[in-house]
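Number of protein chains: 2
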Amino acid sequence: MGALHAGHGRLIEVARRDSPSVAVSIFVNPSQFNQSEDYLRYPRPLETDLAFCAARGVDVVFAPPVEEMYPRPQLAWVDVTRIADHMEGHFRPGHFRGVATVVLKLLQIVQPERAYFGEKDAQQLAVVRRMVKDLNLPVEVMGVETVREPDGLALSSRNQHLSAEERAIAPRIYAALRDAAERIAEGETSAEAVRHRALAAFEEAPRMRVEYLEIADAEEMQPVESITGAVRVAAAVWVGQTRLIDNVRCVARGSTGP
Amino acid sequence: MGALHAGHGRLIEVARRDSPSVAVSIFVNPSQFNQSEDYLRYPRPLETDLAFCAARGVDVVFAPPVEEMYPRPQLAWVDVTRIADHMEGHFRPGHFRGVATVVLKLLQIVQPERAYFGEKDAQQLAVVRRMVKDLNLPVEVMGVETVREPDGLALSSRNQHLSAEERAIAPRIYAALRDAAERIAEGETSAEAVRHRALAAFEEAPRMRVEYLEIADAEEMQPVESITGAVRVAAAVWVGQTRLIDNVRCVARGSTGP
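Protein sequence lines correspond, in order, to chains V and G. The C-terminal residue of the first sequence carries number 258 in the working numbering, and the numbering is unbroken. The C-terminal residue of the second sequence carries number 258 in the working numbering, and the numbering is unbroken.
Worth flagging that the hints you see were computed from the coordinates, not collected in a lab. Keep in mind that a hint or two might mislead.
Pairs involving identical chains hold if they fit within one copy or between any two copies, as the list cannot separate such chains.
The list that follows gives simulated cross-link-like pairs (lysine to aspartate or glutamate, DMTMM-like), each with its CA atoms no further than 25 angstroms apart [stated by the list, open to error]:
#: 1; residue 1: Lys133; residue 2: Glu149
#: 2; residue 1: Lys133; residue 2: Asp79
#: 3; residue 1: Lys133; residue 2: Glu67
#: 4; residue 1: Lys133; residue 2: Asp38
#: 5; residue 1: Lys133; residue 2: Glu186
#: 6; residue 1: Lys133; residue 2: Glu47
Just so you know, these numbers come straight off a predicted model, no measurement behind them.
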């Protein structure tokens, strides 16, 4: 989606290590936005992005105009049921249909051997992984660890919308997720207990509003009650007018996990 | 779907004329059947089909077991909205979702340059054409004219379920469609008038029940009231316990059509 930052830089770096040539797609996809203001204000610094890619040895940038990706009313859509039902899928209706469809389109056009996605969007990554498997797409999906600011805030193009005050409190999101992961690693198996404690961390922050904070199984992203195996603790939090998401992966104590 | 007949033979013949090598997929796809009896009784003469392909110079036959195409619960599905809403889509809920999904899977696995489909399944062809366009699939879709018995009955794997008596009256379907097309070519522009006359042809046939008979625009398969441009006259008719479909393409008088 462009507005490239060090998180994208890490995707490029990992891809270059794996592959003789690297392509980057830059496309702010209208069909995955469920709020038109969010789509309209999404940053589009194309010249800066192109320089960013050039400096990192990217071989091809594919940055089509909207009319090239959607030259007629789009009738064909890809849905990944179940995985897309909760969390982001619940609060952003139609979002994952738009994501899955545009990712499939980009994969068909670019035809890469491997495609790299950040783990910050863990549910998106799970949707793409399952789409690729279920639809036999000839591509290997590579998840790349989230890049963070020194204070823990996950890099996101949306961070630039934060005021100084909001930026100062935004790291609480990752802190709460980390704390939750530690509780789980120490043996807590009740999702409700973990959630309760994590939500309390936001209570004294009047500019923050938690949209969801869930513990979900790592593969199908279904919220769990009892924590066993590998899970993601994932949250969406409004900080002022900006919605941020983040997640951490963790494994229940005593579980070998997948 | 196998149970190969001269209609499939024509697809192979046309493909061989275009291409140095030809692959045939044979797969009775459970996800496109909305009635399990229909799925269970669908013929599967694999040995005969393989001999049929060998005799016609087919280079590759891909005939996977169900567990290879669906090794886990299928969560990712392709929908082609609008085109799939009426006629077959209306009377066979979920059918085109199953068709679009399995065709996408087969195209990803086989990766052909061109893919051949019979015009007998005109709505299916329209769904596949739009899916390929909207999802940027790197394949050319080729429609091949319906092959018919000397008396006009469209070849279909389901014809073998007809009793002698049913087989004798089945050609009325094509006769009625042909008659409708002639009316349109002569200048009739009212879909209702064309339908009324066509349906009358089935009234004296007690073993035949028309499920639908529609005049639809040729590209998006939307039933029309006023006939202009290129249309398909399409019908689904039960003959005893067997459901047959057929269609003819025609162009309104004075229209150049697409």
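The hints, checked one at a time:
Within a single copy, Lys133 and Glu149 get their C-alpha atoms no closer than 33 angstroms, and across copies no closer than 42 angstroms, so neither meets the 25 angstroms cut-off. For the identical chains of this complex, Lys133 and Asp79 are neighbours both inside a copy (13 angstroms) and across copies (17 angstroms), given an alpha-carbon limit of 25 angstroms. In this homomeric assembly, Lys133 and Glu67 come within 25 angstroms of each other (Cα to Cα) only across copies, at 14 angstroms, whereas the closest approach inside a single copy is 29 angstroms. Taking identical chains as interchangeable, the C-alpha atoms of Lys133 and Asp38 are never at most 25 angstroms apart, the minima being 31 angstroms within one chain and 28 angstroms between chains.
In this assembly of identical chains, Lys133 and Glu186 lie within 25 angstroms of each other by CA distance neither inside one copy nor across copies; the values are 34 angstroms within and 52 angstroms between. In this assembly of identical chains, Lys133 and Glu47 lie within 25 angstroms of each other by CA distance neither inside one copy nor across copies; the values are 35 angstroms within and 30 angstroms between.
Of the hints listed earlier, those the structure fails to meet are numbers 1, 4, 5 and 6, in rising order.
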